[in-house]
Amino acid sequence: MRLVLSWRDFLAAKGSSILAATAEHLLLSLGAVLLGTIIAVPLGILLARHQRVAAVVLGISSTIQTIPSLAFFGFVLPFLGIGVVPAMTVLFLYSILPILRNTYTGIREVNPAYLEAGIGMGMNQRQLLTWIQFPLAFPVIMSGIRVSTVYIISWATLSALIGAGGLGDPILAGIHTYDAKLILAGALPAAMLALLASWLLGAIERMVTPRGL
Amino acid sequence: MNRVLALSWQHLSLSVMGVALAAAGGIPLGIFLTRYRWLAKPIMAFIEVLQTIPSLAMLALLMMLFGLGDTTLVVSLFLYSLLPIVRNTYTGLLGVDTSLLEAGKGMGMTRRQLICRVQVPIALPVILAGLRVALVTAIGIATIGVLIGAGGLGTLIWRGIQTRNNSMVLMGAVPAALLAIVTDGVLALLEQALIPRGLKKKTVNAL
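As they're listed, the protein sequences go chains W and P. The letter at position 177 of the first sequence is residue 235 when you use my numbering, and the numbering goes up by one with no holes. The letter at position 196 of the second sequence is residue 204 when you use my numbering, and the numbering goes up by one with no holes.
Mixed in with the good hints there might be a few duds.
Unchecked claim - Across the chosen pairs, the derived CB separations fall in these ranges:
| id | chain 1 | residue 1 | chain 2 | residue 2 | range |
| --- | --- | --- | --- | --- | --- |
| 1 | P | ASN10 | W | ASN169 | 56 to 64 angstroms |
| 2 | P | CYS124 | W | VAL143 | 53 to 61 angstroms |
| 3 | P | ARG43 | W | ALA70 | 20 to 28 angstroms |
To be verified - Part of the chain W face toward chain P, derived, beta carbon under 8 angstroms:
| id | residue |
| --- | --- |
| 4 | PRO126 |
| 5 | LEU128 |
| 6 | ASN182 |
| 7 | THR215 |
| 8 | LEU216 |
| 9 | ILE220 |
| 10 | GLY226 |
| 11 | ILE241 |
| 12 | GLY244 |
| 13 | ALA252 |
| 14 | SER256 |
Think of the hints as simulated: they come from the structure by calculation, not from any bench. All values reported here derive from a predicted model rather than from experimental measurement. Where is the CB? At the ideal position from N, CA and C, for every residue including glycine.
Let the sequences and hints guide you as you build the complete structure.
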């Protein structure tokens with residue numbers, strides 16, 4: 059059919075570019091999740107105090123979440139063009155919801171008895187937050203970050219479509235040329251990255267969960 | 009305009025097909041797992057791993073087995089839809105108040121009757137919530153089906169991206185987004201309507 063390279067030749071020829079794509083992929087995903095965390099955690103804490111606003115904000119962000127991935131990239135294309143910036147923007151917006159929702163529910167679900175106890179000890183709002191609410195909600199927040207990270211790693215494969223690089227590049231090239239090796243060289247690291255991130259963050263989540271919970 | 013409508017219809021059909029297949033397999037599997045709970049953990053973990061695989065990677069990998077076209081897309085939608093459906097069926101059935109089951113047994117119901125007349129109807133809103141998540145996800149993934157030669161609204165978006173034709177991108181993206189949002193809304197309403205009155209206070213967490 060066509061000249062078939064052995065895996066060894068393939069890796070010699072493409073190995074470094076696959077590594078570079080993996081690094082790009084990781085950077086893109088981590089950047090988006092980090093940005094999402096920085097915005098969504100404080101926002102979630104704020105929303106926990108203003109329930110009426112919370113309903114609206116969570117509604118809007120879950121609508122954003124509903125928009126199909128490729129459609130979302132399509133929406134930003136006319137405004138932001140192609141490349142890393144629009145890809146990051148989309149990934150960032152998409153990372154917000156799970157983190158926001160989990161922060162919100164995490165903070166709200168802290169047993170009121172603990173808050174009463176804190177108030178009884180003369181804690182002010184700020185102290186209640188940093189010493190009681192946030193630590194207790196932390197495992198829930200972490201699990202939001204975890205869900206978000208897995209999604210983002212998945213979506214980042216699509217950002218290759220708008221020229222942002224990452225592991226989507228070899229996958230797409232492989233699909234176009236019907237080259238199984240190229241597909242695997244993109245798909246396997248992408249899947250591994252997602253699994254690894256999920257496992258790692260899951261381990262952290264378990265570690266930070268207080269023994270009693 | 010006709011073309012947009014036709015592609016939207018195709019998009020919805022493909023998504024529904026994948027989810028319907030997953031429901032046909034996943035709901036019985038979920039019921040089965042409530043009887044053999046020791047199996048539930050490993051099976052659920054396996055399906056969860058499938059879920060973690062990025063969609064483009066999954067499509068590309070399946071393409072090597074099923075070739076280009078709609079079949080590959082439907083198979084991957086099936087795989088992605090399994091998790092929410094199996095998990096919600098399982099947790100929904102297990103969440104049924106045991107006193108209700110006792111009552112059923114006391115009335116001389118068989119196991120089969122207990123499942124069909126007591127457990128499944130009560131768990132229906134939760135099962136439906138799983139279907140809802142599955143369908144919305146499927147509509148999203150179906151947009152990238154175009155990359156492996158499947159039809160649907162992704163066709164317009166992708167062609168528009170390639171030719172730098174913004175209006176073509178939007179002609180695909182807007183209906184795709186609407187399809188997902190409307191489907192989600194309709195199923196949310198249905199889910200609400202199906203919750204037995206006595207259970208209304210509890211919120212069902214879908215994700």
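Hints versus structure:
1. ASN10(P) / ASN169(W): 56 to 64 angstroms: Once the Cβ atoms are compared, 58 angstroms apart, the range 56 to 64 angstroms for ASN169(W) and ASN10(P) holds.
2. CYS124(P) / VAL143(W): 53 to 61 angstroms: 55 angstroms, holds
3. ARG43(P) / ALA70(W): 20 to 28 angstroms: 53 angstroms, violated
4. PRO126: OK, holds: PRO126(W) within 8 angstroms of chain P, min 4 angstroms.
5. LEU128: 4 angstroms, holds
6. ASN182: This hint is violated: ASN182(W) lies away from chain P, its Cβ roughly 31 angstroms from the closest one there, beyond 8 angstroms.
7. THR215: 4 angstroms, holds
8. LEU216: Holds. Min distance 6 angstroms.
9. ILE220: 7 angstroms, holds
10. GLY226: Result: holds, 6 angstroms to nearest chain P Cβ.
11. ILE241: Constraint on ILE241(W) satisfied, holds at 4 angstroms.
12. GLY244: 7 angstroms, holds
13. ALA252: Holds: closest Cβ of chain P sits about 5 angstroms from ALA252(W), inside 8 angstroms.
14. SER256: OK, holds: SER256(W) within 8 angstroms of chain P, min 5 angstroms.
In summary, the numbered hints that this structure violates are 3, 6.
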